[in-house]
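Assemble the whole structure, with the sequences as input and the hints as a guide.
Going down the list, the protein sequences come from chains A and B. Just so you know, we're using my numbering here: the first sequence kicks off at 1255 and counts up by one. Just so you know, we're using my numbering here: the second sequence kicks off at 111 and counts up by one.
Where hints are given, some of them may not hold.
Result set (EDC-like, lysine to aspartate or glutamate): computed pairs, CA atoms no more than 20 angstroms apart in a straight line [to be verified]:
{"hint": "1", "chain 1": "B", "residue 1": "K341", "chain 2": "A", "residue 2": "D1374"}
{"hint": "2", "chain 1": "B", "residue 1": "K116", "chain 2": "A", "residue 2": "D1374"}
{"hint": "3", "chain 1": "A", "residue 1": "K1762", "chain 2": "A", "residue 2": "D1735"}
{"hint": "4", "chain 1": "B", "residue 1": "K341", "chain 2": "A", "residue 2": "D1735"}
Please keep in mind that the hints were generated in silico from the structure rather than gathered at the bench.
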Amino acid sequence: MASDIKRVKGDVLLEIKNLVIDGKSDDEWKPIIRGIDLTLKRGEVLGLIGESGAGKSTLGLAGMGYARPGCRITSGTINFDGIDLVAASEETRRGLWGSRIAYVAQSAAASFNPAHHIIDQTIETAVGHNIMTREKAEADARDLYKRLQLPNPDTIGLRFPHQVSGGQLQRAMTAMAMSCRPDLIIFDEPTTALDVTTQVEVLAAMRNIVEQFNTAAIYITHDLAVVAQMAHRIMVLRYGNLVEEAPTREMLKQPTQEYTKSLWAVRKLQKPETTSDDIILNIDGVDATYGGGTSKVLDNVTVKIPRGTTVAVVGESGSGKSTLARAITGLLPPSKGTISFNGKALPAALANRDRDTLRRIQMIYQSADTALNPRQTVRDIIGRPLEFYLGLKGAANDRRVVQLLENIELNESYIDRYPGEMSGGQKQRISIARALAAEPELIICDEVTSALDQIVQEEILQLLMKLQKETNVTYLFITHDIATVRAISDEIVVMHRGKVVQQGLKSKVLNPPYPAYTELLLSSVPQMDPDWLTGLLAKRSAKV
Amino acid sequence: MHPVLKTVLQRLGLGVLTLFAVSIIIFSSLQMLPGGYAQNILGQGATPETVKNFNHELGLDRPAYVRYVEWIGNAVQGDFGNSYSGTTGTIKRSVSAIIAPRLYNTFFLAAMAAVVAVPLSLLLGVLAALYRNSWYDRIVNSITLTTIAMPEFFIAYLLMFFFAVKHRWFYSLSTVSESTSFWEHVNRATLPALTMTLVIIAHMMRMTRASIINLLASPYIEMAQLKGVSKSQVILRHALPNAWAPIATVIAFNLAYLVVGVVVVEVVYVYPGIGQMMVDAVSSRDMPVVQACALIFAATYILLNLLADIVSITTNPRLLHPK
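Structure (C-alpha cells):
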C-alpha cells in the first residue's frame, strides 16, 4: 500500500537502464527509443523535452512499464522501487498503475470518459483497488479539488466531463492521478491544449500539489519555458537518444550541446516594422453569429489591414479570431457591418463573389494533413488553382508548378509525391504554394505554424517573409502564439470574446501601457526564467 | 421542458405523420393490384353483373378517396372494418377480431426470440471485443455468419430434423390455439424462436463487437488502462456505455424483423402468426385485413426505431445533461 512506504527524499524511485523500444511502421519494427538511461529520485520532478518524434512520450510511458499498441520494449530494464516492470506480470503492473504510478494525459477532454461523473472517475482506482472506501475516497477527492483550486470543489465532481472547462478538467485529472497518493506521476504534455492564461493556473496547481505530497514526476513537454517552471532536472531527447541532461538552472544557463542551444535560442527572426496608408482590407463594425443568431462570436469588429504588411490577430480559443477569417472569406456571412477589399465592398456570401475576387484572397490552414487531399499528387494540388483561376493547362501548368516549388524551396522532384510522402514542414510548404498559385493579394494564415516543431516553425515563417518581400502579398496571421507574433508581425490585433481589445503597430501593442486583457495575455506567456511562475504568482496575489 | 422529452415528443409526432403517409401508400398500392375480392371469390364463371352487385354490397363501387377517408377515419378510432372473407350474409367478422389472436402469437414468438437473442448477442459481442482476434472471436464470428448466410427455411428444417425427428425434444409443428396454455405455447414455439434467433444474432453480435472495438483507441480507454482498471471493466464500464447508440439501432432493426419478416418461418412450422395470415389475405384480396396488417407492421418499425433513438439520447450524457 502506498501509505506504508516510507517516503524518503533522495532514494532512487525509478531506474531505467539501456532501454530500447521499437515502434511498428509499415510492418517494420524500428527503434524509437535507442538505449536510454533514466534515474528518478523520490520527490524529484524530471522534465523530458524534445520535438515530435523524439520519443519523449514513449519514454515517459515506459516509466510505467507501458508500451502503446504498436510499440514494444525490446531490451533494457525498468526498475520501479525494486520491481522490474519489464519482467513483471500484467497483473503486477496493473496493481501499480493508478495506485503507485499515475498518468496525466495531454487532452483531459478526451481522456475523461464522457459517460461517467468526474468524481466516479477520480476515485475509480482508489475504490477499485480497495485502497479506500467509497465515502473516504469521495471526501478525499473533494479535498483534492479544493487544493487544486477548482471552483465549487464539493459539487464539481458530480458534473459530467463536458460540463466543465478544459483547464478545470485538466486539474480534475491531476486530482485523479493524486487520489491514491502515488509515488510517481507521469505528466504527458498536460497543458499543451490549454490557453496561456489558463495554463498559468494549471501549472501552478500541479506544481503545488506535487510539492505538497512529495510526489516524484516525469514532466513531458515540447515547451522549454514550461519545463523550466516545473522540473528540477531536464533531459533533452532527439530521435530516441539522450542529447543532454542537467539540473534545470544549470542547463538553462549553459547548455553544452548544439541541438540544445538551437532549442534554447530565442527566435532569431525579427522583422522590421513597416506600415502603409494603402488599406487592402477594411473590416468595419462586423458582427457574426452561430446557431441562427443564438451565440454572437464577433461583436462590432473593426480592423484595417495595410497592403504588403503582416497583421497578426492574437487571442485565446473562443476569442473569435478564426471566425473573423471565416467572415472575410465569406464562409460565414456577417450579420452586421461591411468588409471592403481594395476599397470595394465584398459580397457577404461566398456564393456571390466572382472568381477573380476569390482568387485575390487565399487561405492557409493549421493542419496541412487535413487541408491537402491525401490522394492527390503535388502536381494536382498546386495545378488545380492554376487551372481554375488562371486557365493554365498541360505543360504550362507543370512549368508553373515547378516554379512555385522553387519559390517554396522544394525542387522539381516533389511534383509527383503524395502528401503522405512528405514531412509536416514540407506539407505546410505545399499548402503555401497552393495559396500562392492563385497569385493572391491577401493570404489568411490560420495558425499555420501551431502544429509544427520549433525549428520547422522558424523555417516556415522565414519562407513566408521571403515570399512577402518578393510579391508584396499581405498576410492576416491568426495565432495564439505570442512568440510568433513578436517575430513576424507589423501590426497586432488583440481579440477577446469576440471583441477587438487593441489594434496597433507591434512596438506599441507589445510595450506598456497595456489594456488589462493584453497585459494578462502577455504576462501569462511562460518565460525561460525558472523563477518566472513563482514571480508571476507573487505579483498577481500581491495585486489582489 | 427537458430537451430529451421534447425530442421524444417530436419523434412521436413525426412517427404519426409517417404512419399516415404509409397508410396512403398502402391503400393506393393495393388499389393497383389486379383483380379484386369479387372476381376471386366468384371465380372465372362470374358475370360482370354479379361482380358489380357483389362490389356494391361491399361498397367497393365508390371512389377510392371516399373509401380511404372512411377506412382511415375508422382506423384512427380503432376500427379496422370487417373482413370480406369473414362476411357472409348478415354475419360479419371484424378485422380486429381476426387479427388479435394472430398478432398475439406473432408477438409471443418475437418476444421469445428477442429474450434469447438480444442478451445472447450482447454477451457474445462483448466477449468477442474482450478477446478480439482470439480463437473464440473467430469461431463465434464464423458460426454466426454461417447461420445468417443460410436461408431461414433451411435452418428451420435442420433444427426440425435434429430436435424434433432425431431427438423428440420439441414439436416439429407449432400449431397453437387460444386454448393452449402459456408453457405449452412456449414449448411449441421453441423451434421457430430458435430459428429466428440464429438468423438475427450475427448482426447484433457483430455490431456490439465493432462499436466497442471502435472505441478502444480512444484516449479515455488508455487512461482507464493506466489507472489499473481490469480488462473486462475497461470494456464494460468504459467502452460499452459509449457504444449503445449504434447497437440500439441494430437491435431495433432486428426486433422489427422478428415481427414483420417471419412469414417463411411461420409457414415451415405452421405457426398461426400474422405473416401467414397477411399472405393469405393478399391472395384472396381481403383488403381490410391486408391494410390493417401493413399498418401494424409500419407502426412496429416506427415504434422500435423511436425506442432506439431514445436509447441513443439517454445514453449520451451530452444530450441528457446539457451544459
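How the hints compare with the structure:
no. : hint              : verdict
1   : B:K341 x A:D1374  : 18 angstroms, holds
2   : B:K116 x A:D1374  : 29 angstroms, violated
3   : A:K1762 x A:D1735 : 18 angstroms, holds
4   : B:K341 x A:D1735  : 41 angstroms, violated
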